[in-house]
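Trainee: Chains as they are written, first to last, in full-length UniProt numbering: chain A, 1 to 537; chain L, 1 to 305.
For the record, the hints were derived by calculation from the structure and aren't laboratory data. Hints are supplied without guarantee of correctness; some may be wrong.
[Unchecked claim] Only some residues are given here: those of chain L computed to face chain A with a beta carbon under 8 Å:
1) Leu10
2) Ile49
3) Asn87
4) Asp92
5) Gly165
6) Asp202
7) Thr206
8) Thr250
9) Phe266
[Unchecked claim] Once the Cα atoms are required to be at most 30 Å apart in a straight line, the calculated BS3-like pairs of lysine-lysine come out as:
10) L:Lys39 / A:Lys311
11) A:Lys137 / L:Lys39
12) A:Lys173 / L:Lys39
13) A:Lys536 / A:Lys224
14) L:Lys39 / A:Lys352
None of these values were measured; they are calculated from a predicted model. The beta-carbon is built from N, C-alpha and C at its ideal position, and this holds for glycine as well.
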Amino acid sequence: MLPRALLPAFTAALVLFTATACGRKEPAPTGGPAPKILLFGNGAEPQDLDPQTVTGVPENKLLNAFFEGLVSYGPTANDTVGGVAERWDISADGTVYNFHLRAEAKWSNGDPVTAQDFARSYQRILTPSLGAEYAYKFAPVIGAEDYQRGTLTDFSQVGIKALDARTLEIRLKHPVPYLLEAMKHYAWFPVHIASVEQHGGLTSRGKAWTRVENFVGNGPFVLKSWRPNQVIVAERSSTYWDRAAVKLDAIHFFPTENLDTEERMFRTGQLHKTYELPAAKIDVYQRDFPDSYRSDVYYGSYYFRFNVTRKPLDDVRVRRALSLAIDRESLARNVVRGGQQPAYGMTPPTEKYTARARLTGDLTEARRLLAEAGFPEGRGFPRIELLYNTQDNHRRVCEALQEMWRQNLGIEVGLINQEWKVYLRSMDTLDYDMARGGWIGDYNDPNSFYDTFVTGGGNNRTGWSNARYDQLLRDTGRAPDETARMELYQQMEEIIVQELPIMPVYFYRKVYALSPLVHWPANPLDNQNWKFVHFKE
Amino acid sequence: MLRFVLRRLLQTIPVLFIIVTATFFMVRFVPGGPFTAEKAIPPEILRNIEAHYGLDQPLWRQYLSYLGQVLQGDLGPSFKYSNRTVNEIIADKLPVSLELGGLALAVALVVGLSLGVLAAVRRNTWLDYVASTTGLLGICVPTFVLGPLLVLFFAIHLGWFNASGWFTPADRVLPSLTLGFVYAAYIMRLTRGGMLEVLNQDFIRTARAKGATEGRIVFRHALRGGLLPVVAFLGPGVAGILTGSFVIETIFQIPGLGREFVNSAFNRDYTLVLGTVILYASLIVICNLVVDVVQVWLNPRLKFE
Chain A
1 MLPRALLPAF
11 TAALVLFTAT
21 ACGRKEPAPT
31 GGPAPKILLF
41 GNGAEPQDLD
51 PQTVTGVPEN
61 KLLNAFFEGL
71 VSYGPTANDT
81 VGGVAERWDI
91 SADGTVYNFH
101 LRAEAKWSNG
111 DPVTAQDFAR
121 SYQRILTPSL
131 GAEYAYKFAP
141 VIGAEDYQRG
151 TLTDFSQVGI
161 KALDARTLEI
171 RLKHPVPYLL
181 EAMKHYAWFP
191 VHIASVEQHG
201 GLTSRGKAWT
211 RVENFVGNGP
221 FVLKSWRPNQ
231 VIVAERSSTY
241 WDRAAVKLDA
251 IHFFPTENLD
261 TEERMFRTGQ
271 LHKTYELPAA
281 KIDVYQRDFP
291 DSYRSDVYYG
301 SYYFRFNVTR
311 KPLDDVRVRR
321 ALSLAIDRES
331 LARNVVRGGQ
341 QPAYGMTPPT
351 EKYTARARLT
361 GDLTEARRLL
371 AEAGFPEGRG
381 FPRIELLYNT
391 QDNHRRVCEA
401 LQEMWRQNLG
411 IEVGLINQEW
421 KVYLRSMDTL
431 DYDMARGGWI
441 GDYNDPNSFY
451 DTFVTGGGNN
461 RTGWSNARYD
471 QLLRDTGRAP
481 DETARMELYQ
491 QMEEIIVQEL
501 PIMPVYFYRK
511 VYALSPLVHW
521 PANPLDNQNW
531 KFVHFKE
Chain L
1 MLRFVLRRLL
11 QTIPVLFIIV
21 TATFFMVRFV
31 PGGPFTAEKA
41 IPPEILRNIE
51 AHYGLDQPLW
61 RQYLSYLGQV
71 LQGDLGPSFK
81 YSNRTVNEII
91 ADKLPVSLEL
101 GGLALAVALV
111 VGLSLGVLAA
121 VRRNTWLDYV
131 ASTTGLLGIC
141 VPTFVLGPLL
151 VLFFAIHLGW
161 FNASGWFTPA
171 DRVLPSLTLG
181 FVYAAYIMRL
191 TRGGMLEVLN
201 QDFIRTARAK
211 GATEGRIVFR
221 HALRGGLLPV
231 VAFLGPGVAG
241 ILTGSFVIET
251 IFQIPGLGRE
261 FVNSAFNRDY
271 TLVLGTVILY
281 ASLIVICNLV
291 VDVVQVWLNP
301 RLKFE
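Put together the whole structure using the sequences plus the hints.
Mentor: Structure below.
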């Protein structure tokens, strides 16, 4: 009978279709010598292109193409090179910086970039009505916080002054040895004041100056087109002072929120670089496409917060027992699988600083501590919940932890999964027992991590407080030299490792697919000075 | 009929009012706000941002102010995309969703109706089995499986299409097929069922006895009645298909309104959530109205009530 004959044929066709569709296929990146257009997976659609009101990583990539601050990222990992400033002087006490601007620095409309542009831009970001979320990055500058809060209205009292068209002076409350590192952040970028004024005014958010037809920047690339949720096209600027060093003709930024879609785009040559790789594809790329697989150091920690205001987690012995009873090596190797380094402390190691203190102990110690806290072999241990935000990777890590604690300590830990903003709200209100967390350094300095756990800090979110820790953090601002400052951080790390407001799990890596045609300098902050990105000859 | 249509259109006003009111308060009571962020915002900065968007006002005042704005056709600024208004976002994204939906609807109707008619007319033959199996597959295989499968085969393996995007006419093919296929499956099954029911009725036997040709019986007598269940399905179906599909738009990276709608809820972009809800509610109301009119036209025994 025909129908019966047809069913196997149908099944065979389906199987054949699926088999061929899933077959191995080399990524086929396109591009090359002419024109040199980089096709770049940029994660999410940017909120806006105003460096003084946006927050976020996708925005960061774009703003680094369209703007340039006083200093910038260099060609290798942690370099700091001059941006608009060709040089700078720092006073002997480390509190006064004089930046000397390049004569040839220009905006994309041909106007010169002046010290007044910087001063007025910094005044703009500190203006209360703008509501700039990153205004706090200017906190070390004299008067900046007061101006931002509205308690100081005379900007001339703020430690930012254009001494002349090409000299900008910045006065600090205390020495900030990592200031130049921090100034690479886009909050410190200038905006073209005349354009901003013309299209909506300086002191209010969400105006039309960032639209393609009105946009003026000073970076190596200019905004050519912006099709929301499709592509943002950046073309090489003809007015950028170092245009000869810019190797790419254009960058096409694709918003690629879905990692699987993005990976398929890479395989069809629609992208030269993905934002990330889906965890499920890591093994495939390592095995089949090693030339396209990249796993770079990323300056961040993945950890779990303890709510130290809740029992039994208010007992450091319990926190230590939980922290010692997990197998970080196995988690990194078998669950996360991107070459992540198991973490036994909070702060990721760098060339500049490696924390001495380290969580040490074994399973026997963990069991002993738990018994000492009143829960021998886990008996009587109240059920606690592990909170994480919706993401596959977090779920898998949490499930593995749950199993490790069950096996090693005999305790039951529940899992709660919340949507992103609900999860943030739960952390803010301390409505959790343990919660997944993480921190990526804003700048290449351990301060970026230690600052997080200051008493009452908005990013602390554990209820933990330690007066000595807070004092040490304050002392770092007065440390006589870098060695002394790093020593203070070492002591802070010791406190963290002893008291464990968090349970460190691993140090991040940035795992992505990159066309072998592209030279992409790795950077622990995953920030690029786009002029150092190019197609290989 | 005009009175019927006008009356129904007037009825939409309280419906939309209730929907807007319920949505307005529901989104405000969801934990987390538009500016809740991983890196904490200092409280004084947060207050300034909220003041800019009027979120520092009492809720009832925000509500009244929003209603006043909406009555003037202004859906407000997006909280997430700060240099765009909700009106602009909808004007930008809706045509994309309509285009995708229109193409998918065409696929669904052509494939679904022809397979459905064929299956009913050739009942219990291999044609019927093929059509029914296809229909079953379309219903069982979710779009998030079918879409990537089509991409793997036609984009990655054969290299005929891009894996995603909405740039060239060819970029329309795979998403339209994926979205259309699911609806085609439903339409096929409904058409088949409806046609079979009509084909078994007495007037068809009478027509056959009078010597009407098979083509005339199918297309003149049976199809009109057989399409009734399809038309009823198309009301909400068309609204859904035209306003896009979050899954399809995500898989194929299509800048449509469906994705914006879902993301706006995740972002707590209050005004964008409300704007898209108003639009979707209006579309559903209009589609259902059109369906009612078409149903009466197809079946004169029904009356405009």
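Trainee: Now, for every hint given, state plainly whether the structure supports it.
Mentor: How the hints compare with the structure:
For Leu10 of chain L, the interface hint is violated, since its Cβ never comes within 8 Å of a Cβ in chain A; the closest pair sits about 36 Å apart. With a cut of 8 Å, the hint placing Ile49 of chain L at the interface with chain A holds, because the nearest CB-to-CB distance is about 4 Å. Checking Asn87 of chain L against chain A: minimum C-beta separation of about 14 Å lies over 8 Å; hint violated. Checking Asp92 of chain L against chain A by beta carbon gives a least distance of about 6 Å; that is within 8 Å, so the hint holds.
Satisfaction of the interface hint for Gly165 of chain L is found here, the shortest Cβ-Cβ separation to chain A being roughly 7 Å, below the 8 Å cut-off. For Asp202 of chain L, the interface hint is violated, since its Cβ never comes within 8 Å of a Cβ in chain A; the closest pair sits about 30 Å apart. Nearest Cβ of chain A to the Cβ of Thr206 of chain L: about 32 Å, over the 8 Å cut. The hint is violated. A cut of 8 Å between beta carbons decides the hint on Thr250 of chain L: the least distance to chain A is about 5 Å, and the hint holds.
For Phe266 of chain L, the interface hint holds, the least distance from its beta-carbon to any beta-carbon of chain A being 7 Å, beneath 8 Å. At roughly 27 Å between alpha-carbon atoms, Lys39 of chain L and Lys311 of chain A fall within 30 Å of each other, so this suggested pair holds. Note on Lys137 of chain A and Lys39 of chain L: the hinted pairing holds, with a Cα-Cα distance of about 12 Å set against a maximum of 30 Å. The suggested pairing of Lys173 of chain A with Lys39 of chain L holds, with an alpha-carbon distance near 24 Å, which does not exceed 30 Å.
Among the hinted pairs, Lys536 of chain A with Lys224 of chain A is consistent with the structure: their alpha-carbon atoms are about 25 Å apart, no more than 30 Å. With a C-alpha separation of about 25 Å, the suggested pairing of Lys39 of chain L with Lys352 of chain A holds against the 30 Å cut-off.
In summary, the numbered hints that this structure violates are 1, 3, 6, 7.
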